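Chains as they are written, first to last, in numbering that gives the first Met the number 0: chain A, 0 to 396; chain B, 0 to 252.
Keep in mind that a hint or two might mislead.
[Said to hold, decoys possible] Examples of chain A residues lying across from chain B (beta carbon under 8 Å, computed):
(1) Ala345
(2) Ala346
(3) Phe348
(4) Tyr349
(5) Ser352
(6) Gly354
(7) Ile355
(8) Pro356
(9) Arg361
(10) Ile363
(11) Ala370
(12) Glu371
[To be verified] Listed next, with one range per pair, are the computed distances between beta-carbon atoms:
(13) A:Arg89 with B:Gly110: 52 to 60 Å
(14) B:Gly110 with A:Gly391: 21 to 29 Å
(15) A:Gly378 with B:Glu134: 57 to 65 Å
(16) A:Val339 with B:Ser173: 32 to 40 Å
In short, the hints are calculated from the structure, not lab data. All figures in this text were calculated on a predicted structure; none of them were measured in a lab. Just so you know, even glycine gets a beta-carbon here, dropped at the ideal spot from N, CA and C.
Listed below are the residues making up each chain.
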Amino acid sequence: MTTPLQQALDVADLPVDEPARRRALADARVAPWPERRLEAWRYTSLHALGQRAPRPAAPPAAEPAPPRSVVFRDGHRTGAGLDGLAAGVRLTTGVAAPATAQGDVFDHLSAAFAVDGATLRVDAGTDAGDWLALLHRSGVGADRSWHLRHRIVLGSGARARVLLDCEGARGPALATVDTAIELAAGAELDLACVNAPAEALSLLLRNRVRLAAGARLRLQALDGGAAPSRHELTIDLAGAGASAQLGGAFVLAGRRHADLQLRLRHLAPGCTSTTAWRALADERARAVFDGHILVAAGADGTDARLECKSLLGSAQAEVDAKPVLEIHADDVRCAHGATVGQLDPAALFYLRSRGIPADAARAILVRAFAAEALAGFAGDWPLPARLAALAGLEEAV
Amino acid sequence: MLTIDDLHVSVAGKAILKGLDLVVQPGEVHAIMGPNGAGKSTLAAVLAGREGYEVTAGSVRFHDADLLALAPEERAAAGVFLAFQYPVEIPGVNNTYFLRAAYNAQRKARGEPELDSVQFLRRVREKLKILSLPEDLLHRGVNSGFSGGEKKRNEIFQMAVLEPALAVLDETDSGLDIDALRQVAEGVNSLRSAQRGFVLITHYQRLLDYVVPDFVHVLADGRIVESGGPGLAGELEAHGYAWVADRKVGGAA
Ligand SMILES: Nc1ncnc2c1ncn2[C@@H]1O[C@H](COP(=O)(O)OP(=O)(O)OP(=O)(O)O)[C@@H](O)[C@H]1O
Ligand SMILES: [Mg+2]
Chain A
0 MTTPLQQALD VADLPVDEPA RRRALADARV APWPERRLEA WRYTSLHALG
50 QRAPRPAAPP AAEPAPPRSV VFRDGHRTGA GLDGLAAGVR LTTGVAAPAT
100 AQGDVFDHLS AAFAVDGATL RVDAGTDAGD WLALLHRSGV GADRSWHLRH
150 RIVLGSGARA RVLLDCEGAR GPALATVDTA IELAAGAELD LACVNAPAEA
200 LSLLLRNRVR LAAGARLRLQ ALDGGAAPSR HELTIDLAGA GASAQLGGAF
250 VLAGRRHADL QLRLRHLAPG CTSTTAWRAL ADERARAVFD GHILVAAGAD
300 GTDARLECKS LLGSAQAEVD AKPVLEIHAD DVRCAHGATV GQLDPAALFY
350 LRSRGIPADA ARAILVRAFA AEALAGFAGD WPLPARLAAL AGLEEAV
Chain B
0 MLTIDDLHVS VAGKAILKGL DLVVQPGEVH AIMGPNGAGK STLAAVLAGR
50 EGYEVTAGSV RFHDADLLAL APEERAAAGV FLAFQYPVEI PGVNNTYFLR
100 AAYNAQRKAR GEPELDSVQF LRRVREKLKI LSLPEDLLHR GVNSGFSGGE
150 KKRNEIFQMA VLEPALAVLD ETDSGLDIDA LRQVAEGVNS LRSAQRGFVL
200 ITHYQRLLDY VVPDFVHVLA DGRIVESGGP GLAGELEAHG YAWVADRKVG
250 GAA
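Here chain B stands alone, though its shape is the one from the complex (with noise of 0.2 Å):
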């Protein structure tokens, strides 16, 4: 369903991602692990669409469409959904009216009928459920107010609620404490089906004991330079991004 080829995207100038290639098909989960500054989050933020990111080279494709020349919110109702590193603090936007107004404008966009505030309701409270978010947060701001841990938790309700064909999780697990890791897992492992891919940013094995991958790259430099299958978390854990880098220079010698 995403094929990226050879995307080579520099940011003020400086190349960040230099020849990245992946490819993932409907009901794989992958996992990006990978060097602070190897150009994780420019990558989910050049897949979601955000501005100041200037492709280079290379090619994106989403299904049939060439997915770098839609707008973010084309994008979005295509079925790609970017949870946030740091999702962003909108006071004043009540939260379940945004997320109605995002889930409305989806199914307007793809010529589906769009719910009334009754049927939204229904739906979001049978998400709630899966996650056990504290309602009260539905009423707020979005994220505004919010901790660390609510946030990344609002964004997978949000992914919930919305059911992207390929979700893209930038760090959702960093920063939760033992139970909220769990519960955001458990909302990925619900929604995890035949139809939909996942692609996990992350730098901890302990999301992917929950969430078990498919396949685990490496990123580095702006490359995947490794991938492997589930136990390549592990060895990474043990042995460290360097272990990566010296591998690929026994392999070249």
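Okay, chain A solo, but in the shape it has when bound (with noise of 0.2 Å):
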């Protein structure tokens, strides 16, 4: 079954006319659309999205950007503060239509409508300094649609921090950010993903990476949901002794959605991945958790570990948690659990009773609760603080 958004496809609206991007546009009004009876969309409807008609947005004027950023608005590049990269450092923009679409239907979206993109390149042995952030924001009005894709190439040894930072992102409109990220031998990225955009957004962060031996993830998001928010991370170990190290945290409240497809695949001996989430839900909202590791035949020596504590603040929210483990190697150390509670009503009294206001008092405790995921990373993170303000506190400390 195909929907309103996919019939509403029209040639006239593509950036460009040539024919990868009629061929990606017309896979796009024939792919299915993703329905809830499949497993990776069981608890994450878009059933709503496929009823909208969003068009493509214009190119907006051109912005001021913060030092060490590019910002794209609606999926196009409007400013870059790139003075002073180090040699060895190269963020550019822009992107064309692949060859070939494959996928499913929002990657015929983004082969077809794509226009914009970062790629950042890092020659081996350089590193990229301080924070790089690529910020994503759109206006507020017409049903619009945007996306972008991104590229992380660091060569080995090479290091860079990245923040992938979707907060200035409005509805409605449907917004996909796709990201392919390699690390050759060695090479470390520390990549930080802000999704707390408007409630009417839909937004899809696909985020895909292969590490090679020796490489290192460190990778913090903090999700606010969306209409909804969904972050797709797909990770490779593909070299011998490669390490991914990760942390997020869902703050939900209204009606927000936020769902994690989490696809960890050990496929080189010797590596090590640490998972830890935080899922904290209120009101009416929604929380996924769909966290899958799977160690390989071969990748001896593998140690994993997986874990989701929730926290549900009413009887209308919801979670939905599920790390699986599918072990195919020897010699491995894996756990994984998942666990729900609620707030708890001692310490929330307790605060109380040295006269914190119970929103207030709600609000350190969610802080609290959710800042565990985001503890035991080296170096400082800009989340922290991006977590106080989702979690309603005026001040940081």
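Work from the hints to combine the two standalone chains into their complex.
Following this line, the structure appears as structure tokens:
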């Protein structure tokens, strides 16, 4: 079954009339729409999105960008502050339509319509230094769609810290942000993702990371949910001794919906991964944590840990946490678990008895709970401060 | 400042306080003693506004307000402080952050200016000196991993920073070593003033050797059954609570 969204797709809306984009558009029109009977979409409905007909956003005017950042508004680069990058660090923008479009309806849409994205290349042995930010923004108003495709390529032993920030994205819109990441041997990437956009946005963040031997990925993600905000995180530990440290939190209220789809594959011996997620769902919000770790045959000596702890703030809120380990190798150390609880009423009363109003007391406890997932990361990260704001605290301290 | 009149309280449908009367004037220290399960912590919890306690009759007035009508945070802002018998561990919430949030929330509620972190830290340092609390406790999570004695001292430290008008201490002396007991007592004595009232719930004469109360009450089976001067604590220590009951029976005969 195709949807009104697909039926409304129009060749006249293509940014450039070229065969690859026409093909991708045709594929998008007929691709199966994600239905809830598919396991990966079981808890996240795109029915409402399918009834809409978002039109591609026009290129907006240029705007200033903070230092060490690129601003993308409605899927177009509108500003960049890239003076003074170290030698061996190149950040360029723009994308071509891929020669072949594979994947699902959103991959086809991206292939057909994406005109922009950042490509960060860091040469072997180079340290790109402090955080580089990709800031995603959009205007409010008519139903828009926009698509971006980023690439991050680190040479062997290279280091970079990248912030993917979707906090400035507004709705109603359909937005997809695809990031393909390749880490050569011994490369290190710190990746921070903030999705706290407007409630009316349908955001699909697809991060695909491939790590060579000894490479290291540290990733923090903070999600305030949207309609929905879905993060598909695919990580291949493809070289011996590669490692991934992942920590994230959902802090959801209203009718917001956040969904993490983690596909983490241990494909080589001696790799380690830790994944810690915290989900807080209040009011009628819904959080989905689908964490799947595969330890492939031959990935001996794997150490994999996967946990998701949740707090429900109301009887209407819902968390679906499904941590799964699939092990085909020997000599592995693996642990996984999920818990669901509620804010500790004794702690709440203790804070209130000292004069802290109920809402602030709740925010303090929410922040503390979510912060557990962001603890134990080396270096300074921008997310803890964002978390304080998302939890509703006036001061970050 | 505090007037408790014929207070009846039930927990989970079971009557715990059964007609309790108590009046505390500014400047007074009242000790409340009584057997386990008599309702002492229930009284403390009702004064602080904990959920799950049903007041079935009676009233509690604090200054000019109906205390029972206020939310817990409003009671705190009005000047009521409870040192918990079992302080709650809140990992991940920094002790200093928590205390400043509490202090400023109270000031805000009273329409007073809030303190910035430098001003607040100065205040905290002064209070630390009085209590000789190790400074590293300030940087840890609230009561998180604290020893029993450290938790109790942290309660007194909070009281010293918040400077309440009425402090209710629920067995703050239980489980303390002799040095810690002395420090807690010093903490209380340093706050004693003509404007401030204290209710000390305790099982032991020991604390009352350091903090000499103006009144001692015996709470048994949900009521104050005996009141006296500081000497009453010694009598209780010597004879036990059965003695009070016997005297009541004797007096009635
Ligand atoms: N949630 C509850 N459900 C049922 N009974 C309760 C509950 N909470 C307290 N009680 C009962 O209320 C009575 C009074 O308890 P309270 O804690 O006030 O006693 P206490 O005088 O402080 O005792 P202690 O000296 O041991 O601290 C006890 O019998 C206790 O078991
Ligand atoms: Mg008690």
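Of all the hints given earlier, name the ones this structure violates by number, lowest first. 9, 15
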